[in-house]
Structures are given as structure tokens and as C-alpha cells.
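Protein chains: 2
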Amino acid sequence: MNYNELTNERKQELLKQELARYEEFKAMDLKLDMSRGKPSKEQLDLSMGIFDVLNSSSSLKGKQDYRNYGINDGIPEIKAIFTELLGITDDEIIVSGNASLVLMYDTIQRAMQFGVLGGEPWNKQGKIKWLCPVPGYDRHFAVTELFGIEMINVPMKDDGPDMDMIEELVKDPSVKGIWCVPKYSNPMGIIYSDEVVRRFAALKPAAKDFRIMWDNAYMVHALYGQDKMLDIFAEAKKYGNEDIVYMFGSTSKISFAGAGIAFIAGSKRNMDSLRKLINIQSIGPDKVSQYAHALFFKNADGIYAQMEKHAEILRPKFDAVLEILDEELGDTGIAKWNKPRGGYFISCFLKKGTAKRTVQLAKEAGVVFTGAGATYPYKNDPDDSNLRIAPTLPPIDELRTAMKIFCCAAKIAALEK
Amino acid sequence: MNYNELTNERKQELLKQELARYEEFKAMDLKLDMSRGKPSKEQLDLSMGIFDVLNSSSSLKGKQDYRNYGINDGIPEIKAIFTELLGITDDEIIVSGNASLVLMYDTIQRAMQFGVLGGEPWNKQGKIKWLCPVPGYDRHFAVTELFGIEMINVPMKDDGPDMDMIEELVKDPSVKGIWCVPKYSNPMGIIYSDEVVRRFAALKPAAKDFRIMWDNAYMVHALYGQDKMLDIFAEAKKYGNEDIVYMFGSTSKISFAGAGIAFIAGSKRNMDSLRKLINIQSIGPDKVSQYAHALFFKNADGIYAQMEKHAEILRPKFDAVLEILDEELGDTGIAKWNKPRGGYFISCFLKKGTAKRTVQLAKEAGVVFTGAGATYPYKNDPDDSNLRIAPTLPPIDELRTAMKIFCCAAKIAALEK
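Quick note, the sequences are listed as chains A and B, same order.
Its first residue numbered 852, the first sequence is counted upward by one per residue in the numbering used here.
Its first residue numbered 852, the second sequence is counted upward by one per residue in the numbering used here.
Chain A with its partners taken away, still in its complex shape:
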């Protein structure tokens, strides 16, 4: 039944029912964490073979002895895998440490301190601004917030961020960049359409030092077979606009979260300018870990095969969440959610003004969800509506229970209004 069409009396009745159910959940004394997009134990187990590719008798001599200093932008064997996945050349990538977030943070810090391709450091340009498709990734927003960059919300549509709005906003030369998770976006699971990608590739911002932070965190993280997506870099090259985009990715959710291999990719001009600075900052990334990854995955096909195994583990979890949402909230009119074809999240829009209350209720019943507002800059969801559900970590039974509590909490919050 649609909650928006109920009499007040009926609402009170339902609220009473849901509160009774809620008390039963509370009595279960649960302690579940649904807050972060972490891979599950079974997923991590898929990559345990990484520990068998090297042993004390192994030779680690490739282009040089990988146990020693040197090679600051990644060993050829790991570059080969990423360049195959991305369709780029060795010059167009820097393969680095274990975390793409560090690469993103460092890239912005470098722009703040040293400027972009000879431009004035962002630190010296007064107030600068940043475009943030919303809902989006909390850790992206935390980085731009830390640097005091003013964040502007750009609504997400079904096929990516509102490009009309973006094309208008970039006429302001103080707008220096945008966060994008183009494939299976965090948290909505949206795949940017060809048109959106093309408009990004052709973007001509007033600021020459404007950069698209293309965080391809889920580039191969499909649930139902690899979805095609237009290649922004190849498109940008057609417009002579290839400097506009920095691309990021990692194996964090392919091999090990936090012990994977991350990269930044883009035009040779962009990469060369970063290499110069990275050569001062570092004597080189952990080539041993890069080499182990290269030996384990072998090539792009090795990555795709691994992702199929991840998908087999994840599909039932996503399906369970969607099933419960459908069952519990499907006809209530108080919630909308996406059905992602990949990525790590399901994004749910609840009745306006009830997201915080829902998270609070769930928490009091022992289930921690990502905080309301986290998917917006400054943790401020103007509608107090969006919540991010992370189905990957918990075992499926816990997940079901957690989602029932989520739905119960959402209903209570809506009925209380």
C-alpha cells in the first residue's frame, strides 16, 4: 500500500505494527556493520594465489631486480595489464602503491602547491571551486573539503551527472575540477552514457587547469557481464582535449582491499609532469607487490576471469537486498532505489527528511549503515533522503536481517512524519 494515500488512523496502526517488529529486531541483540564498501572474506579468498606466485627461490629479476630501488612509474609487467585494460600506452600511466585514493589526494595536493602543467598553483588563485555529482563518494568530498575547495552539488541523472549544468558551471574560471565515478557510480551504480562521456571529453572549461577526476574504481566490477562504456580518453583525444582527464583505478576490489595496486593514467604531458614531482617524492613504488600481481593475473583476461568470480559471490547479495527492498518498500511510495549492474552499492532515496532518522533507528537496533548525508559534500544532504547500502561484506543471512531492519526503520521514520 502507498503510504502517501493513507488516512492518519491507518498510519498510526501501521506505525504500531512496525514498532512492534522493531522491538523484536532489537531483542535479537545484533551487531552488524553495513557501513563500508568492503569486499567479503570469500572475495578476498579468491586472490590467495598471490601468495604462491613467489617463494624464496623465485627470481624477481625483470627489467631489473624488482627487490631493489628504481622504476618510479611501475614495472612493465603490471603496466602491461592496465594498459591492455585501458587501451593506452606505457607513457600514459603511472602505476603506484596500494591506493588510488592516495593518488587522487596527491594529484590535488600537487595542483594546489605546484599548479597544473605550468599554471599557477591553485593555492595562489584565491577561492577555487569543484563540481560534485550527488549523491557521490564521501572520501572524494572529504579530500576537496580538506583543501578548502568550495564544492558545488551537481545532480545525477539516470545516465550520469547533469551535463547542461556542468557545461554552464565550467564557464567560471574558478571551477577547477569534478569528481566522477563513471562506471557503476558510487553510490548509484549508474553507467555514464555515451553522450555524457562525449560531452565530458569535449568540455572546454574557462579554467585551462580544470581536470576531470575520472575515478574508474569499478571499471571491471560488473555483476551481470562486462558492460561496455565509451572511453573518455580516446574521445578526448579526438577533440585535442586529452589533458582534461586524470583516470584512476586499482585492484583494491580485484585482489586485496588496501593491498592492491593503484594507477593514475592520462595524457603523456600530464603524466610526465607528475613523474617529475613523483621522482622527488619517492624512490619508487613497491615493485614486489606489483610483480606478484602481474604474475598472478597475467593479463587483462586474468582480471576479467577474476571479476566473474567476484560477481558470482556478489550477485546473490545484491539480489537479496533488492528483493527485500521490493518486498518491504516496493509499493509504499516512500523509497526509490537503483538496480545496479555492477559496483559496490545500492543507493536508496527515502522519504524526504527521514534518512537520518532511519540510520539512527537501525543503529539502535544494532545495524550500522553509512551515515545519512555521507553521500553529499559537507555531509549535507539537503533532502535528508539518500542512503548508501553496501551489500558486499556481510554474509547473506546477516544481510537479509540488516535489510529488513533498514526497511522497518525507513517505514517507522516515514510514518512518524
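Any given hint could be a false lead.
Given that identical chains are not distinguished, each listed pair holds provided it fits within a single copy or across any two copies.
What the hints assert, rightly or not - Quick list of in silico lysine to any residue cross-link-like pairs, SDA-like style, CA-CA up to 20 Å: (1) K867 <-> A1162; (2) K882 <-> K1089; (3) K975 <-> G999; (4) K914 <-> D896; (5) K867 <-> D942; (6) K1268 <-> T1221; (7) K912 <-> R887; (8) K1214 <-> E874; (9) K1149 <-> G1184; (10) K980 <-> R1120; (11) K978 <-> Q863; (12) K1203 <-> N853; (13) K978 <-> L1146; (14) K1190 <-> R887; (15) K1022 <-> N1004; (16) K914 <-> R887.
Hints were generated in silico from the structure; no laboratory data involved.
The hints should help you fit chain B onto chain A, whose structure is shown.
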């Protein structure tokens, strides 16, 4: 014979002899690299057991599953080893990625951007200055140069940098820090005396945001048994001055160069303030590599035992260099050098104005040494005298040949004058 007491005629005669020898070296068509302080293959082989401590059946579950996200300042098992070595608590250390250079660079970048403990960002304080004991480590100087920090040379004495000069210079509030390699200093191999350490620990610079960058790169890298050294952090605590020092180190030359584990340590106040920023920059270091290191080394004794094995490999190399220097240059009066008890270098002061020429001559005979001037800020050795010899990488035969060429080149350069 002392070159400074020779007649011109005798000098010409000797020059002719050395030039003839030089031509013989050239005819050998060598290609040797003595330029960087890299461990040798045999040294790297000492840690191959790291690849056996984990395999596909291992559990990586410690405080949590180390294959997953989380724990931003290092796993307890690796902290335990470093805190035992340093005599500090868990709160006083952040164990990070593979390179202490990155930690040093990032620490300075953070001070530039965000200030130190609530102080004004260095970027906003106009011209700032830095003290650089010379000769010193080229990569340190490259970092401060990149940030446009004015570097001031401070001469090294036999027991550390000139403390009278430092105590005078820090009265200038624009002086924000100093680079130190306190044990087996790079390149002189000097161990800072107790008095020097104490004066550092008690230092009261005009700038509250002054920091000592205590790069303990060779803290356990002894050649002839572990030398005691006063603990600056414990001393600084006595003066209520513990915020003044950031300590750095890594296992780069204990396990693998570039695939080791690095840390920054210091007061809880300093570390907490860094943790806040690091939590925005990163989701965590490579805990898998940290765990493998912890399993392999077990504890501080495991590290000491490993360093004894390194020393066995390195002692003959250092001895060979010193022997040849003695033999060839001992009585010439054109060179002085140190006899280090640890570390990675032997530092040689040649006749003024001949270091560049010596390196050039050696290069033309097929042996690359670290560039003249590299041991000084801005690559500018005002005396053109100091050269850094790195004996660790080459096999001992090559090392002997390279050193003979070095000496021959130094003699020619001196006799040409």
C-alpha cells in the same frame, strides 16, 4: 709522497704516469655504476624468506582481516617491532607504505599546506628557511628545494652538525627545520655524539613550528656491531620538547629496497595531527606487506640478526674501498675520507676544485660515481671537493677496479691543477 710538496717537474712526471694508467683503465671498456646506495643482490637474497611466510592457505587475520581495508597507522604486529627498536609506544608511531622518503616529503607538504599543530601553513609565511648539514643526502635537499624553501648549509663536524651555528640560526623564526641523518650519516658515516643529540633535544627555536627531520635511515645498519646512540626522543621528553622531532626509518635496507616498510614516529600530539590528515588521504597502508615483514622478522632481535648478516656482506666491501684509498691516496695529501662504522657510504674530500673533474674522468673510463655537488643543497659544493662513494652494490672485484679508477682520476685532477 705528498703532492703538495712536489716540484712542478715531478708533478708533470707523475701526471704522465697516471694518464698512462688511465688509458689502460679506459681500454678495459668498463661499465660500472657506483652512483647510488643500493643493496647488492646477496643482501636482497637475505630476505627471500619473506616470500615463504605466507601462502595461499595462510590466515591473515590479526586484529582484523589484513587483506581488507582499515587500520590506517600500521598493524600491531609491525608496530611491535618498530616500537621495540625505538623504545616508544604504539601511539607514537605511524607505520606506512614502502618508503620513508614519501613520509618525509608528505610531512613537509602537509606543513606547507596545513601548518604544524595548528600553526599557520608554511605556504603563507613568506620565505622560509631550512638547515642542511653538509655534506648530506641529495634526496633530502631535492625535497626542500622543490618547495622553494631556502636551504642554509651547516658544516658537519666529527660528532655531528655544528651545533653552535644551529643554535644561532634557529633564532630566526623563518627557519623551520633541519635535515638530520643522525647515525652513520649520509654520506659521512658520522654518529652524532651524545652532546649533539642533547643539544638538538633541548633546542628552542624561535619558530614554534620548527621540526627536526630525524632520518634514522641507518639506525641498525652497523658494520662492526651495534653502536649505541643517545635517544633524541627520550631526551626531548626530559625538556618537554618532544614535539620538536619527527623520526623516520624503514626496512628498505633491512629487507627490500623499495619494498620494505617505512614509519614516522614522534610525540602523540604530532602523530595524532598527522593521523587526522592521513585518514583523508588514504584508506590504509599495505597491511599484507606489513604482516609478511612482521612474520619474517618476528621482533627487534630478528632485525638485529638480519643486520649482522648484512654487515658480513658489506664489511669486505667497505674494507676494500678504504684499503685502496689508503694505498693510492694515503700519503698524497690530496684527499681525506671517513672510516664509517655503518651506513651506506664513504665520503671523500678531494683537493679543492677537483671533484667534478674526478667524476668526469671516472665516467669517461666507464665508472659512474654520484655527481660532484650532489651532497650539497642546490648541487653546489662551494669547494668542489666532496664525493660520495657507495660501496654496497657492486661485486667486490668491480668495486676494487672502480676505486682504482677513482683514485687515478683524483690524482690526475689534482696534478692538472
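To see whether the hints hold, each was checked on the structure:
In the homo-oligomer, the alpha carbons of K867 and A1162 never lie at most 20 Å apart, since the shortest distance is 40 Å inside one protomer and 76 Å across protomers. Proximity of K882 to K1089 under the C-alpha cut-off of 20 Å is found in neither arrangement, the shortest distances being 52 Å within a copy and 45 Å between copies. For the homomeric pair K975 and G999, the shortest alpha-carbon distances inside one copy (13 Å) and between copies (15 Å) are both at most 20 Å. With identical chains, the CA atoms of K914 and D896 are at most 20 Å apart between copies only, with a shortest distance of 18 Å across copies and 30 Å within one.
Taking identical chains as interchangeable, the C-alpha atoms of K867 and D942 are never at most 20 Å apart, the minima being 64 Å within one chain and 49 Å between chains. Within a single copy, K1268 and T1221 get their C-alpha atoms no closer than 22 Å, and across copies no closer than 73 Å, so neither meets the 20 Å cut-off. Proximity of K912 and R887 under a CA criterion of 20 Å is satisfied inter-copy only: 19 Å between copies versus 38 Å inside one chain copy. For the identical chains of this complex, K1214 and E874 are intra-copy neighbours only, at 13 Å inside a copy versus 81 Å across copies, given an alpha-carbon limit of 20 Å.
Within a single copy, K1149 and G1184 get their C-alpha atoms no closer than 49 Å, and across copies no closer than 58 Å, so neither meets the 20 Å cut-off. Proximity of K980 to R1120 under the C-alpha cut-off of 20 Å is found in neither arrangement, the shortest distances being 24 Å within a copy and 32 Å between copies. Taking identical chains as interchangeable, the C-alpha atoms of K978 and Q863 are never at most 20 Å apart, the minima being 50 Å within one chain and 68 Å between chains. Taking identical chains as interchangeable, the C-alpha atoms of K1203 and N853 lie at most 20 Å apart only when both belong to the same chain, with a minimum of 15 Å there against 90 Å between chains.
For the identical chains of this complex, K978 and L1146 are neighbours neither inside a copy (47 Å) nor across copies (49 Å), given an alpha-carbon limit of 20 Å. Taking the shortest alpha-carbon separations for K1190 and R887, only the intra-copy value of 19 Å comes in at or below 20 Å, while the best inter-copy value is 55 Å. Taking the shortest Cα distances, K1022 and N1004 sit within 20 Å of each other inside one copy (16 Å), while across copies they are farther apart (48 Å). With identical chains, the CA atoms of K914 and R887 are at most 20 Å apart between copies only, with a shortest distance of 18 Å across copies and 38 Å within one.
Checked against the numbered hints given earlier, this structure breaks hints 1, 2, 5, 6, 9, 10, 11 and 13; the rest are met.
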